[in-house]
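Full structure from sequences and hints, please.
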Amino acid sequence: MEERLNMEKNIILVGVGGQGLITLGRILGTTAINKGIKALTAETHGMAQRGGSVTVHVRIGDVESPLIPMRRADAILGLELIETVRNLTYANKKTILILNNRVIKPQIPKIKIPETEKLIKIIKETGLQFKLIDALKLAIEAGSEITQNVVMLGALIKTNILKDIMNLKDVEETIKMMFPHRIAEINIKALKLGFEA
Amino acid sequence: MLHPILSPPGSTVLLMGNEAIARGSIEAGVGFASAYPGTPSTEIIETLSKIANHIGIHVEWSTNEKVAFEAAYGAAISGVRSLVAMKHVGMNVAADALMSSAYTGVEGGFVIVTADDPNMWSSQNEQDNRYYGLHAYIPVLEAYDPMEAKEIVKYAFQLSEKYKHPVIIRSTTRLSHSRGPVKLEETPKIKIKGKFKKNFEKYVIIPSNARRLRGKLIEKWRKIREEVNETPFNKYVNNGSNILIIASGMAYGYVMDSLKILNYRDKVNILKISTTVPIPEKLVEKALREVEKVLVVEELEPIVENEVKRIAFEREINVEIKGKEHIPLKYELNVDKVVEGISKLLKIRNPLIEETIKIEYEDTVPIRPPTLCPGCPHRAIFLELKWAAKRMGLKEIIHCGDIGCYSLGAYQPFQTQDIILEMGGSIGVANGLAHTVNEPIISIMGDSTFYHACIPGIINALYNNTPLLVMVLDNRITAMTGHQPHPGTGITATGKKTRIIDVEGIAKGIGIRYVKTLDPFKVNETIEEIIKALKYVKEKRETAVLIVKRACALMISSIARRRGIKAPKYQVNYEKCRACGICYNQLNCPAISSIENGKATIDEYLCVGCSVCAQICPFNAIETLRKPSDEWEQLWRRD
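As they're listed, the protein sequences go chains A and B.
The working numbering numbers the first residue of the first sequence as 1 and each following residue consecutively.
The working numbering numbers the first residue of the second sequence as 1 and each following residue consecutively.
These aren't lab readings, by the way, just hints derived from the structure by calculation.
Computed from a predicted model, the values in this text were never measured in an experiment.
Every residue gets a Cβ at the ideal spot worked out from N, C-alpha and C, and that includes glycine.
Certain hints may be false.
What the hints assert, rightly or not - Covered stretches of chain A, going by a simulated chain B footprint (3 or more residues, C-beta under 8 angstroms):
hint, stretch
1, 32 to 43
2, 57 to 67
3, 81 to 91
4, 99 to 110
5, 113 to 126
What follows is the structure, given as structure tokens:
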């Protein structure tokens, strides 16, 4: 492992079980390692397969433990807006937010959920730099609605937060390595659409 | 695609802690591996099961942790290196065999992996299984990242074989489910066949032998206590400070990252302990003698702390030792908590609490509990249970629940799990309640749980004239841990065909007179059958069994996608919909939501076509767009 003294990047991926957050963590971690840089990732989620809150921590560089401390995220990649607001505690003044413009209702009968506009207002009022993406639209354009996660990854790469570690081409290589040809093709298209968004 | 753990030696791959443990066992020449699935341990044996045929080793899902433990022990006493994995509470199930295995010892290396769950991410308690090591005289090793986990497995096998003694590796959710770079090394030739050498004095622990073995165990333990002082995984760094931080397992990573934040990495002495049980006494003594103040950082119980205090007391070392005073006893550790603890010890300010941003929460952010998947057969049966009770005018039914996806029935709107204690508790607890209360008792368990721990409880119920209804929710797989096969599936862990051991046959074989198998996707029929069964129990005062059989929706929809089988399609007819909300409130399917006027809408991406909403709609407003095909029907049944 190449040691880059003190370099440390913390990306937190938040959303709902089934949105492909863990796969994103694997893609980011694998890409870093392929570039000879240490990466640790962690998943926090509850007992079920689907539907609960999920956060995936991705730490790259000089790190010895997998959980990002509060207020130490360089970026929050939010695949869902309620989960994004829930996890704003990981942000500091320099944190960049890359957000999927989507709200998924928690599966509680008769629950009132905050409106999308309200959630965006809360996010705006933090004063943090953020970018909203319609990942579902781009994912469908790429060929499958389940590639929303990779669309968002493309948008993350575009921000340059990880520019010293990986570029779009590196992520493409990882996707080709991890998935069968046909699935990789759709995902690479999704990645590029997210990058250009 | 080749599994990453089979990448060529020399390569560095991103592995989950559990995959790293699996790889470590292969690099140690493991020939036999077993487990019962349990989060966060499952992926250890799952990974091995995927490559077992490729490398020619025996890997199995056993019916429960006790059997898994005994099977691996059996392999080990024949000289084959073996590994058994379980979640922390699984070790309670295996504890009987565990305690005595230390008396007999083994022949081939025998490694027991326990994956503890600090914070109870997916468990009923947060017991610290390092106590089992102290309790049973079995060494406990802890790693702090996936790379070290792989290496420590290899060391565990060496240690085990050297002393012919079992060795425990304690992982945690955070280690098991973290991913990190792991460098692969050569794998040795694997020994898959051994020879059992009969040895009456060693393996037959009748009291006369047990007494002798107890003496030998204590002698062996003395030697192991010496040995661990030489372990390469225990590491002492003297930075010339008068402060020492001792960290075990995952805590070491948190300590190193915390010291980086505090800019103290080279300003305190650090003792990393990987052999938590027994503790490396000489190393601890040396480190204690070189400082005035000590902080022990470990997750959950003060096991290292108590040992360090004992050593200081016995060897008359005058040093201030802090542990749980600064580091929380409950829940999972993280950098935030450790920075706070070290800041207190050093009497410096905690830099992490000063970097806040403004967040205006006008409303509280709604919680998001995990939920049953769209089309989950458990959702159907829970609704049917509630409706059956309503039709019978029963206000109070006690639902004795169990561990599985169906535990989610405890939440709204179902609330059909009134007690959940442990695996098999549904039937065990019902055996008591049925004799002491007047309400009808329903014992609800899954298929995998039925094989795991429920069969003796059902026998007990019948034997003791216990009036209760047993419902086995048979979704044809061990679903919650990620779809592992079980004795009812006809497939082994490594994909070999085997006999199906079916629930109905067992229930009838035990002697239950009232046994029926139901299809939960036939709503009215199922409700009628539940009513009949409850009446039977009430009238005959004996145990009845209903098997509710439909495959896991998540598994079926993924197979259907792969095979190109189209799911049936349903759509709300807005002319007919009266906005009653039964489908989205009472069935609470994630694929159905309400639109502004209260009418229902079905998300075509989420719906898997179970048809239950269409059956329960009082206005027949949910219409079939595409009828279920024969292939689709067959897929769901999975007989």
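Cross-check of the supplied hints:
{"no.": "1", "hint": "32 to 43", "result": "holds (count 7)"}
{"no.": "2", "hint": "57 to 67", "result": "holds (count 6)"}
{"no.": "3", "hint": "81 to 91", "result": "holds (count 7)"}
{"no.": "4", "hint": "99 to 110", "result": "holds (count 6)"}
{"no.": "5", "hint": "113 to 126", "result": "holds (count 6)"}
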